[in-house]
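Colleague: Based on the hints, put chains B, C and D in the right spot on chain A.
4 protein chains.
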Amino acid sequence: MAAVLGHNQYGKAENRVVRVFRGRDPHELVDYNVSVALSGGQEAAHLTGDNSAVLPTDTQKNTVYALATEDDAVAQPESFGIRLARHFVDTTEPITWARVKLDMYPWSRLGDSPHAFARDGGHVRTATVTYDGSATRVVSGVRDLVLLKTTGSEFWGYLEDRFTTLQPTTDRILATALVAQWLHTSEAVDWGRSHDTVLAALTGVFAGHHSLALQHTLYEMGSAVLAGQPEIAEIRFSAPNKHHFAYDLARFGLENDNEVFHADDRPYGLIEATVRGDDAPDPAGAFDPGQGW
Amino acid sequence: MAAVLGHNQYGKAENRVVRVFRGRDPHELVDYNVSVALSGGQEAAHLTGDNSAVLPTDTQKNTVYALATEDDAVAQPESFGIRLARHFVDTTEPITWARVKLDMYPWSRLGDSPHAFARDGGHVRTATVTYDGSATRVVSGVRDLVLLKTTGSEFWGYLEDRFTTLQPTTDRILATALVAQWLHTSEAVDWGRSHDTVLAALTGVFAGHHSLALQHTLYEMGSAVLAGQPEIAEIRFSAPNKHHFAYDLARFGLENDNEVFHADDRPYGLIEATVRGDDAPDPAGAFDPGQGW
Amino acid sequence: MAAVLGHNQYGKAENRVVRVFRGRDPHELVDYNVSVALSGGQEAAHLTGDNSAVLPTDTQKNTVYALATEDDAVAQPESFGIRLARHFVDTTEPITWARVKLDMYPWSRLGDSPHAFARDGGHVRTATVTYDGSATRVVSGVRDLVLLKTTGSEFWGYLEDRFTTLQPTTDRILATALVAQWLHTSEAVDWGRSHDTVLAALTGVFAGHHSLALQHTLYEMGSAVLAGQPEIAEIRFSAPNKHHFAYDLARFGLENDNEVFHADDRPYGLIEATVRGDDAPDPAGAFDPGQGW
Amino acid sequence: MAAVLGHNQYGKAENRVVRVFRGRDPHELVDYNVSVALSGGQEAAHLTGDNSAVLPTDTQKNTVYALATEDDAVAQPESFGIRLARHFVDTTEPITWARVKLDMYPWSRLGDSPHAFARDGGHVRTATVTYDGSATRVVSGVRDLVLLKTTGSEFWGYLEDRFTTLQPTTDRILATALVAQWLHTSEAVDWGRSHDTVLAALTGVFAGHHSLALQHTLYEMGSAVLAGQPEIAEIRFSAPNKHHFAYDLARFGLENDNEVFHADDRPYGLIEATVRGDDAPDPAGAFDPGQGW
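Protein chains in written order, with our numbering: chain A, 102 to 394; chain B, 102 to 394; chain C, 102 to 394; chain D, 102 to 394.
Since the hints were derived computationally from the structure, they do not count as laboratory data. Hints may be right or wrong, so weigh each one.
Repeated chains share a single entry, so a pair holds when one copy, or any two copies, can fit it.
Claimed, not checked - EDC-like cross-link-like pairs, simulated, lysine to aspartate or glutamate; straight-line CA separation at most 20 Å:
hint	residue 1	residue 2
1	LYS343	ASP366
2	LYS343	ASP365
3	LYS343	ASP245
For reference, chain A alone in the conformation it holds in the complex (with noise of 0.2 Å):
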């Protein structure tokens, strides 16, 4: 047996670029955590230590703030992440596959000022794009979404076997802090809008759907997304069930009707689904493999 080298890839992560739009009035600015990974032709470097082929990772930082000159590029993840990944595998000859991972933070204006901001810490914007020199996927995504309904969840009817001491309950808090993506089948997009619409359906779903169990919220979430966007080929969603156990007062001689609950850390659920329409394409690689999956 040989050692032979397989895939690898290499890049620039974490870029904070923060893009002030000062011509505007009043001022906007988008936020962004951007990293770049790149591959092709990168055996040299790893065989033998020769860089010939190497586009050094400090020049993927310089051109990911370059770039964020412009407009119309910077102005949505999605956006970005097409512009940068086409950038790298379109203009360096070895290069021949580009993902740009990006998260965007919410930051809302501080009442009527034109210049001065509060960031939002509600949840965090994510965008996937690839390409190879042919193919641009693009996913769109949300995490750090944390939601919680105070009723209106169930769970009973389950397995049990030898290790079963769950109790069932026709009423328990249900939250979650969701991480989704979803794969677009086109780029005619208009990416802020349809991230909106996405948000929309997720959060109305949840807040509307009565749960028999988190497996079935997410089902009827990510239905309600491919029902609204039919460019939407498939969601994926990574959904820590957050356990909110009620406080056992009753040894004290307390009532406790579902008010007074501790909020656990770990260990918690972790419940994991692809919802896809029955002629979606091959998303082939367009997810990151790195949130939730």
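Modeller: Just chains B, C and D now, with coordinates in the frame of chain A:
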């Protein structure tokens, strides 16, 4: 020289209590991280392991969850802290001093749902209540309040020495993740309304003030808070100067008129200041020393 | 287009199990973070909320702690993962696939104490075991292995483009926080000894190899691991290039011959590579995709 | 009531300095996180934005890296802190007070390599140096020292009240992630040797002492440190009681004689104690208030 026991305190830290008000329509909830510390009469436990004056931290935990059933107490972090601190000192013989620290995580209702919520990640509301059997000291606060302004901030005219390389600027991004704590002189306070008023003063000054230094801005913020609520005796700030460096794009023939920034992590400036009324009482250990100082 | 359920899995994540061997003199212990994921027969739970094929994650938790009583299984992360994965698939009717991921936190005995330990923070040992009812795939690994060499590392001769500003160097600090995972082709392995052998190979190459690029070093590390243990089919690395920048002290008339460095946080290079035997089998989903890829 | 400026301080926090001693064979290195805070003469900066007495935090950063060239100063965290604190106060007119806090990350040589190292993750060594133009106060410390004993720990005989549910025990796991800080009365100290001696005393008592409460163990640790090094005036501990709960396996017909534990996250006990010489001087603000108190 003989060894003696100095200051000591003990308690249960980070009780994660979620209290739902199911009797209300729509449902409401409060979400706390509660830490208790007690002192008094603990010499024997330290010197000989005689625990007869020790109220176990497990019992303290049970107490936190039990008193969370009391609607009036639990509704605000300050009132819950007062209720708990007095309970421990007033009902437990050897205990002479209690401090209760609370983080409160804000949630927003999802649309008009009667029972579904999304966590607001924007900032955490805090309270520190200290009680010694007679005086109760109440400190309210906020942390992780991330603010940024894209202009309206200068920094120049500073001391120079052998190691000075910084260039003066008349236009820079100013950004911070503010920690603030303020001491009340009264308990006859509508805690929720008072908190909102302080927050509005802090963010209003940040947005509207023309800043010549972060120190300058903090002092103005503090003055505004004291002017607006005379019962507040003193406010303390711990404010990282979250540096945003304009990226040097001239090397690539590109203009960067304060539009493309690198948001740096470390090191960062850390500006800490107190603003107090000229007749304010000695705060005497009321502030949480772990929050910035 | 109709919505259909795609890949799904669920389980209890981050069970923090500490197992003490009290019957041994001196005492021994293992300290794990165990995450279980199961698949098979979960359509009804998603589509209609019928949970009759769901083994609750609470039951999975109980099982993890119950099987931790078995001395032989629990002693090594790989053997505990195998025991658990097979248990779930082989004893639970609808379950057809299980993945068990384990972190193992190393501890050192305090002196010659029979029962006191200090946690070694140096790195975390990992294992990922996947079982589908017939094949068992065992991947061992390490993460947070922070390595640094003060010389013996060059980087030059790379591609240049419009955005290149990096200066070539023939002497730099090389540092990384290594994540590595390797796939076994056998279960007849002394897991503890094998792990130590891999670690010695990785650190030995890192120390002794003259590096022309981090890619160059990773490939050499991987080759050494495969050469030393032919039953290892493939090894994957995810290696941040933790940049240490020589601080420009010439501005102050001070010399800095690669002695004073700023350890930067972000962005960082991220170098990822696979080294495999030329006749290695398809790893077929054996690797944990969340560890770097 | 008029607003006035109270205590204020400012500085550059978290300068990540790595200093390599390349002139030595084999190479040596120290790895610090250095935070500087200065006070004195800052009224105008706060009240009017007049920065003429402000030494910019950027200049402070340059100073930290510049003085890291001095071999004797940089070798130990205490000596580096002394060097920096005195530099700022003694050479900068308005500055009258300086505090320098340092984290030191330990590294181990890889085998007998002359230039390769692995980071020891076990604990962080700390120092806090405060200087007011005349007195220099040096506090050494450690944090994240994670210790566990599998037996030799009891807890019983405590106060009981209405909310007591804890069962007394004569055998439990005792575990903590120790934070300790101790104040020196001399600078004529071999800092490295002194640190090793304290660490040996702390871990030796933890291992050998039969504990009736974590308070009991902390006091014994502190007494041992003071007995061993009379120049140490006072030591402060902040010790989370990291609960390990024996898992209830009797429900499954399995025995669990203190062998299988769940390591819980939150809440946790937090035990804080001071041990001091009966003739020790007033520590007068020498301790870092952010480390546990």
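Colleague: Look at each hint and say if it fits the structure.
Modeller: Against the structure, the hints:
1. LYS343 / ASP366: both (7 Å within a copy, 14 Å between copies)
2. LYS343 / ASP365: Both ways: LYS343 and ASP365 sit 7 Å apart in one copy and 15 Å across, limit 20 Å.
3. LYS343 / ASP245: within (12 Å within a copy, 23 Å between copies)
Checked against the numbered hints given earlier, the structure satisfies every one of them.
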